[in-house]
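Asker: Respectively, the protein sequence lines represent chains A and B.
Those letters in the first sequence? Residues 7 to 119, per my numbering, in order.
Those letters in the second sequence? Residues 27 to 141, per my numbering, in order.
FYI, nobody ran anything at the bench for these hints, they're computed from the structure.
The C-beta atom is built at its ideal place from N, Cα and C for all residues, glycine as well.
One or more hints might be untrue.
[Claimed, not checked] The following residues of chain B were derived to be distant from chain A, with all beta-carbon distances above 10 Å: (1) 31; (2) 41; (3) 56.
[Said to hold, decoys possible] If you want the footprint, here are the derived chain A segments under chain B, 3+ residues with CB under 8 Å: (4) 43–55; (5) 111–117.
[Stated by the list, open to error] Far from chain B by the CB rule (all over 10 Å, computed), these chain A residues: (6) 74; (7) 79; (8) 88.
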Amino acid sequence: DTEVTQTPKHLVMGMTNKKSLKCEQHMGHRAMYWYKQKAKKPPELMFVYSYEKLSINESVPSRFSPECPNSSLLNLHLHALQPEDSALYLCASSRGGGAGELFFGEGSRLTVL
Amino acid sequence: GNSVTQMEGPVTLSEEAFLTINCTYTATGYPSLFWYVQYPGEGLQLLLKATKADDKGSNKGFEATYRKETTSFHLEKGSVQVSDSAVYFCALSPQGGGSNYKLTFGKGTLLTVNP
Chain A
7 DTEVTQTPKH LVMGMTNKKS LKCEQHMGHR AMYWYKQKAK KPPELMFVYS YEKLSINESV
67 PSRFSPECPN SSLLNLHLHA LQPEDSALYL CASSRGGGAG ELFFGEGSRL TVL
Chain B
27 GNSVTQMEGP VTLSEEAFLT INCTYTATGY PSLFWYVQYP GEGLQLLLKA TKADDKGSNK
87 GFEATYRKET TSFHLEKGSV QVSDSAVYFC ALSPQGGGSN YKLTFGKGTL LTVNP
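Take these sequences, add in the hints, and give me the full structure.
Answerer: Here it is, written out as structure tokens:
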């Protein structure tokens, strides 16, 4: 069983919708991540939060808006997405920075119509 | 910059066959090296890791040895099972730790094991 929980598992939205992806971990990890994964590709880093502060934004379009309400929760707010944003969105956490040992959730599969 | 090159797939094997997936890297100093596995419909899981030269990571019958002289971290398993069918990603984390959160992934290798 994964210790990083993501909801929803599947999401279909239109280009004018506003939706959110949620991620939760209770391992006491202090870094949390959003990755985007297209089919048959490796994950691409989008955002990193460290100690609840945004530390990395990989030049992600503003239609993706991350939020870290507390050390256990991570949200990704979605607005005015494009069909090419359809992908698997993975949340991950780690104890801290630099170790590289990430714990991933099962992902939220997003389809933009 | 850092990079990871792993063998192109897909790889198709019969059950109980020997598996090798090659991985080489480019990075300064002594990065940490990882193999992650992604089963169908799931997120990635850490399979094994090595943090210094000559370290051997092992888990679930898989092994990989950190070879600094050849900048390699090849994944091996002596006898694969159908349940090993998945995509395998080699990855590195730069030396130094601190606030460097970026993993560099290889492109992934799809393994299919037939009964």
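Asker: If a hint holds in the structure, say so; if it does not, say that too.
Answerer: Against the structure, the hints:
1. 31: With a cut-off of 10 Å, residue 31/B remains clear of chain A, as the shortest Cβ separation is near 12 Å.
2. 41: holds (24 Å)
3. 56: Answer for residue 56/B: holds, closest chain A Cβ roughly 13 Å.
4. 43–55: holds (count 6)
5. 111–117: holds (count 3)
6. 74: With a cut-off of 10 Å, residue 74/A remains clear of chain B, as the shortest Cβ separation is near 14 Å.
7. 79: holds (17 Å)
8. 88: holds (24 Å)
Of the numbered hints listed earlier, not one is contradicted by the structure.
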